[in-house]
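In the order they appear, the protein sequences are chains W and D. Residues in the first sequence are numbered from 1 upward in steps of one, following full-length UniProt numbering. Residues in the second sequence are numbered from 1 upward in steps of one, following full-length UniProt numbering.
Certain hints may be false.
You can't tell identical chains apart in this list, so a pair holds if it fits in one copy or across any two.
Stated by the list, open to error - Heads up, simulated EDC-like pairs for lysine to aspartate or glutamate below, C-alpha to C-alpha not over 16 Å straight-line:
hint : residue 1 : residue 2
1    : Lys72     : Asp200
2    : Lys172    : Glu147
3    : Lys432    : Glu417
4    : Lys277    : Glu439
5    : Lys379    : Glu430
6    : Lys368    : Asp206
7    : Lys25     : Asp326
8    : Lys148    : Glu408
9    : Lys80     : Asp200
10   : Lys217    : Glu422
11   : Lys72     : Asp352
For the record, the hints were derived by calculation from the structure and aren't laboratory data.
There are 2 protein chains.
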Amino acid sequence: MIQTQKKVAIIGSGLVGSLLAIYLKKYGHDITVFDRRPDIRNVEFSGRSINLAMSNRGWNALHEVGIEEEIKKIAIPLDKRAMHVVGQPEYYQKYGKEGEAIWSISRGVLNRKMIDLAEEAGVVFKFEEKVWDVDLPEGKLFTGETEKGAWQEYQYDLIFGCDGAFSRVRHKMQRRSRFDYSQDFIDVGYKELTIAANEDGTHKLDRHSFHIWPRGKFMLIAMPNLDGSFTCTLFMPFEGEVSFENIKTNDDAKDFFKTYFPNVMQDLDNLLLDFFKNPTSAMVTMKCFPWTYWDKVALVGDSAHAIVPFYGQGMNAGFEDIFVLDALIKEHQDDWHTIFEAYEKVRKPNADAIAELSYRNFVEMSSKTADPKFLLQKKIEKYFASQHPDKWIPVYSRVTFSDRPYAEALAEGDAQEAIMKEVMSLPNIEEKWNSAEVENLILSLL
Amino acid sequence: MIQTQKKVAIIGSGLVGSLLAIYLKKYGHDITVFDRRPDIRNVEFSGRSINLAMSNRGWNALHEVGIEEEIKKIAIPLDKRAMHVVGQPEYYQKYGKEGEAIWSISRGVLNRKMIDLAEEAGVVFKFEEKVWDVDLPEGKLFTGETEKGAWQEYQYDLIFGCDGAFSRVRHKMQRRSRFDYSQDFIDVGYKELTIAANEDGTHKLDRHSFHIWPRGKFMLIAMPNLDGSFTCTLFMPFEGEVSFENIKTNDDAKDFFKTYFPNVMQDLDNLLLDFFKNPTSAMVTMKCFPWTYWDKVALVGDSAHAIVPFYGQGMNAGFEDIFVLDALIKEHQDDWHTIFEAYEKVRKPNADAIAELSYRNFVEMSSKTADPKFLLQKKIEKYFASQHPDKWIPVYSRVTFSDRPYAEALAEGDAQEAIMKEVMSLPNIEEKWNSAEVENLILSLL
């Protein structure tokens with residue numbers, strides 16, 4: 001496989017930008033990664049991260065360039081959810097079959113590692129150099145201290161926008177006619193919090209679990225780090241009765257944790273410190289099309305399809321973009337126009353599907369988990385799947401533990417939902433949920 | 001009614017900007033209208049306009065500031081559609097009841113008149129002065145020759161973004177967190193064409209009709225001007241079998257008109273000239289929220305809610321924004337924060353509704369008009385409405401000839417659609433469409 005060597009710019013040194021650099025470097029391209037931020041290896045982390053949950057699609061993409069094992073060293077497998085429900089003892093829900101797990105990784109730790117690997121491969125990084133403008137047809141970048149100040153001009157054969165949900169590269173494409181775009185914020189924000197390790201470096205909660213404290217309109221999650229700590233994320237409405245807006249003082253926050261999360265109290269000081277130190281961040285679903293400009297420019301990852309984090313697939317989807325792009329490079333070699341055209345055509349429906357699935361998970365978690373009908377439906381699905389594991393693969397497993405297209409998972413999920421609608425409309429379904437009648441009805445509808 | 005005098009900037013001297021200036025000037029405010037373009041009174045029109053169809057909401061807004069009669073002098077009432085269907089003689093469809101009409105106005109002619117009226121009232125216009133940046137909390141504007149060049153700074157108490165679908169003011173709001181935004185282009189473009197007047201200044205087609213040549217995937221419309229000409233609009237897909245992309249030469253265009261629009265051939269030379277002189281324009285639905293920033297900045301008209309033109313409501317919706325805003329000013333006086341908050345709350349659902357209705361009209365015209373089931377449904381609705389005019393008000397009438405909220409028209413339309421779904425599922429509906437059975441079914445469902 002030989003490609004003509006190209007001068008390539010990648011905007012954004014995040015996870016997607018650095019992995020794409022590693023991929024493209026394998027073809028011998030001359031690669032420069034620009035980032036407006038300082039080198040993450042030299043600065044403190046932002047305090048606004050949710051730990052990553054690497055699953056099948058992410059690992060596939062890392063495996064392809066031979067760095068899967070390297071990255072597994074900084075990840076912790078989680079084979080189950082640990083549910084912390086008020087008034088009940090902690091209980092566990094296995095994610096999938098034996099051996100199936102999602103992997104908890106600190107975003108910052110992973111990002112540092114990926115930049116190291118890219119640099120070792122010969123990629124050049126230019127930090128603290130902000131791209132203000134892009135000349136799409138000419139492949140030119142303009143960087144500088146300020147928007148109004150003097151700019152430095154660069155020219156490249158290929159430019160990749162891996163600069164996230166608020167991408168400057170996309171921003172430039174967006175001003176063209178016939179560019180579809182949407183950004184939709186949800187009314188829930190999130191805040192990073194930390195539970196520190198025990199003094200001996202061990203974890204305060206089970207380290208192989210994804211911990212969830214569901215509380216209806218808000219929830220806390222915790223994912224383990226290698227150093228014994230947990231990165232927690234508090235999801236909560238910006239405004240309303242229990243909301244970020246309404247927790248103003250240290251006492252407000254103390255009351256809040258005492259009332260709703262009694263079993264994290266051993267680390268209250270830490271939580272309170274983080275609560276007021278770390279920012280409250282917003283979450284957005286961003287969609288756009290096209291993703292590419294001729295044979296010059298392409299968007300990859302969040303810049304093309306930012307999603308809410310409730311399916312743990314943001315990074316996985318971005319890594320899968322690269323995996324797919326790479327397969328197309330192998331197929332079409334130097335024909336970048338065809339590569340880009342096929343790339344956006346293949347990936348767009350899947351990006352839309354995971355956006356939809358992620359948003360539905362948010363709605364489910366925030367409004368349906370208290371609905372007895374919904375809980376009964378989930379119980380029936382689980383029971384039927386346990387009886388017929390070959391006939392009923394949960395959507396979560398399709399998304400997380402397979403590499404089949406996201407769009408297929410969404411379609412299969414909708415088909416399952418239609419079947420369950422009929423099941424739930426049976427009279428007295430509450431009593432006969434695990435009866436042969438229900439089982440046979442589902443079998444007949446499948 | 002006394003308001004404290006404010007320094008007000010309006011960005012955009014289009015129809016909405018100039019009408020808003022006239023409204024606000026009545027309260028004694030100090031008003032400057034900025035526009036990046038030259039004064040439309042001194043330049044040729046763009047060649048990319050669709051004639052306007054002023055209906056109830058537009059007239060109400062003009063009436064409120066006493067300029068309705070003035071504007072009626074430059075408008076022509078159209079009380080019917082004139083349908084030019086292949087293989088059939090021209091036939092007419094009345095729009096509404098006796099006396100109900102939409103009014104054809106040239107966008108350019110109206111805009112010139114509105115600027116004259118605003119200037120006479122004491123509004124200051126600054127043409128060819130482009131706003132590059134807006135400081136929202138400080139109410140500052142920055143204008144200049146180029147983005148990178150020297151800028152002039154202004155400060156205002158209130159800033160109104162009336163700068164259309166690609167609003168610079170909104171653009172600035174859009175970079176803030178939690179700002180929802182979408183732009184969706186349709187795959188059909190349009191081109192302005194002209195049918196000239198007869199030598200004696202009379203119209204070549206019936207002057208009190210909205211002329212339509214429906215051709216499935218594409219169509220031509222024509223609306224009369226005072227000078228005897230018609231402004232025509234050709235709507236056609238950008239790409240595909242019959243498309244703008246596929247009409248490249250004069251001969252291509254000649255064939256196209258000869259094949260599909262034989263009865264406009266008397267003006268072929270004119271049409272061909274326009275076809276290659278005038279640009280092909282794109283159409284977009286643009287939604288966003290919020291529309292205001294604190295008590296400082298508000299979006300009005302297309303900058304807040306651009307819609308596709310297939311309901312003839314773009315200008316009417318923008319004028320109704322102003323009418324509603326004015327009612328809120330009268331109610332809340334100097335409390336601009338409350339005025340703005342109420343304004344966006346009241347108008348947003350109605351803007352979404354007319355966007356949806358306009359988009360549905362596009363889908364209807366481009367894909368459903370050839371469907372016999374759809375045509376039968378429309379025939380039944382029309383028949384029933386003629387039997388029970390008090391019980392079945394067509395959505396078109398609610399939108400065009402009433403001032404009830406757009407959202408109500410959409411909801412009523414959906415309710416009618418649900419009824420018609422049941423009607424259309426009756427066996428042998430083709431034969432008994434005007435039977436008592438069908439009539440009674442509709443009555444029972446209403």
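Structure versus earlier hints - violations, ascending order: 1, 3, 4, 6, 8, 9, 10 and 11
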